[in-house]
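Engineer: The residues making up each chain are set out below.
There are 2 protein chains.
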Amino acid sequence: MNWLDTVRWDDKGLVPVIAQEAASGDVLMFAWMNREALQKTAELGQAVYFSRSRGRLWHKGEESGHLQTVHEIRLDCDSDVVLLKVTQLGHEPGIACHTGRHSCFFSLYKDGQWVATEPVLKDPASIYK
Amino acid sequence: MNWLDTVRWDDKGLVPVIAQEAASGDVLMFAWMNREALQKTAELGQAVYFSRSRGRLWHKGEESGHLQTVHEIRLDCDSDVVLLKVTQLGHEPGIACHTGRHSCFFSLYKDGQWVATEPVLKDPASIYK
Chain A
-10 MNWLDTVRWD DKGLVPVIAQ EAASGDVLMF AWMNREALQK TAELGQAVYF
40 SRSRGRLWHK GEESGHLQTV HEIRLDCDSD VVLLKVTQLG HEPGIACHTG
90 RHSCFFSLYK DGQWVATEPV LKDPASIYK
Chain B
-10 MNWLDTVRWD DKGLVPVIAQ EAASGDVLMF AWMNREALQK TAELGQAVYF
40 SRSRGRLWHK GEESGHLQTV HEIRLDCDSD VVLLKVTQLG HEPGIACHTG
90 RHSCFFSLYK DGQWVATEPV LKDPASIYK
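So the sequence lines, in the order shown, correspond to chains A and B.
Start counting the first sequence at -10; every next residue gets the next number (our numbering).
Start counting the second sequence at -10; every next residue gets the next number (our numbering).
Bear in mind the hints are in silico, worked out from the structure with no lab data behind them.
Note that the Cβ used here is the ideal one computed from N, Cα and C, for glycine as well.
Keep in mind that the hints are not guaranteed to be accurate.
[Stated by the list, open to error] Here are the computed lysine-lysine pairs in the DSBU-like style, where the Cα-Cα straight-line distance is at most 30 Å:
| # | chain 1 | residue 1 | chain 2 | residue 2 |
| --- | --- | --- | --- | --- |
| 1 | A | K1 | B | K1 |
| 2 | B | K111 | B | K29 |
| 3 | B | K1 | B | K29 |
| 4 | B | K99 | A | K1 |
| 5 | B | K99 | B | K111 |
| 6 | A | K99 | B | K29 |
| 7 | B | K1 | A | K99 |
| 8 | A | K99 | A | K111 |
| 9 | A | K29 | B | K99 |
[Unchecked claim] Computed from the model, here is a short list of chain A residues facing chain B with C-beta under 7 Å:
| # | residue |
| --- | --- |
| 10 | W(-8) |
| 11 | L72 |
| 12 | L97 |
With the hints as extra help, turn the sequences into a complete structure.
Structural biologist: Now the structure itself:
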């Protein structure tokens, strides 16, 4: 069986994807892939997602230069979630989030509120021209 | 605003959740929560998911004893994905996967195939009686 057929695509033909930084173990972001995106990711060794808002493939970093080198592609026990081990390129430390932060998961629950915990490493206005 | 209202629940009232082991950084599993599940998780300090297959709250470990202590609850930049930092209880090393493995993400893509890479730590038949 083709490895892409093993994946249990949802009713929109998508699968959720977690991107984890290989070196630090930090969970950087969460996105979606369709079949073509996953195939391209494996071929290129760079993360290619499917943008639900734009309705098209999204080669991560195509605009910002913040590409992701993919070291591992993993699938979960139900074959319906993908985990990527990546290196986040384009800045040191890596910026995965469109807000200019290292990780998208910068909001921490504390005493009934969400508190922003990570610094903005680069002004988003200078990332997306 | 109530912190639960900040979350952008999907059209089924759910949000995707990533559970990451606090000590190792390993991504253990992926599941879903509804509003009640997230509230209970915060109250109990233990992971409570919403089981889509069973259509009800699923206090992780209720059957297996493999509870998850929750150290952090994080929300991503779009407010539509939750990340938990957990300690996986009930076995050493922790077993998060129903197959008896540490992590659900044990299938690794290699040369056009998915290869199982992690050992089964405990026979699932002895976990679920």
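Engineer: Work down the list of hints and note, for each, if the structure agrees.
Structural biologist: Each hint tested on the structure:
1. K1(A) <-> K1(B): 14 Å, holds
2. K111(B) <-> K29(B): Holds. K111(B) to K29(B) sits at ~29 Å (cutoff 30 Å).
3. K1(B) <-> K29(B): Holds, at about 19 Å.
4. K99(B) <-> K1(A): The given pair, whose Cα atoms are some 26 Å apart, holds under the 30 Å limit.
5. K99(B) <-> K111(B): 26 Å, holds
6. K99(A) <-> K29(B): 15 Å, holds
7. K1(B) <-> K99(A): 26 Å, holds
8. K99(A) <-> K111(A): Judged against 30 Å, a Cα distance of about 26 Å means the pair holds.
9. K29(A) <-> K99(B): 15 Å, holds
10. W(-8): 6 Å, holds
11. L72: 4 Å, holds
12. L97: 6 Å, holds
Violation of the numbered hints given earlier is absent; every hint is satisfied by the structure.
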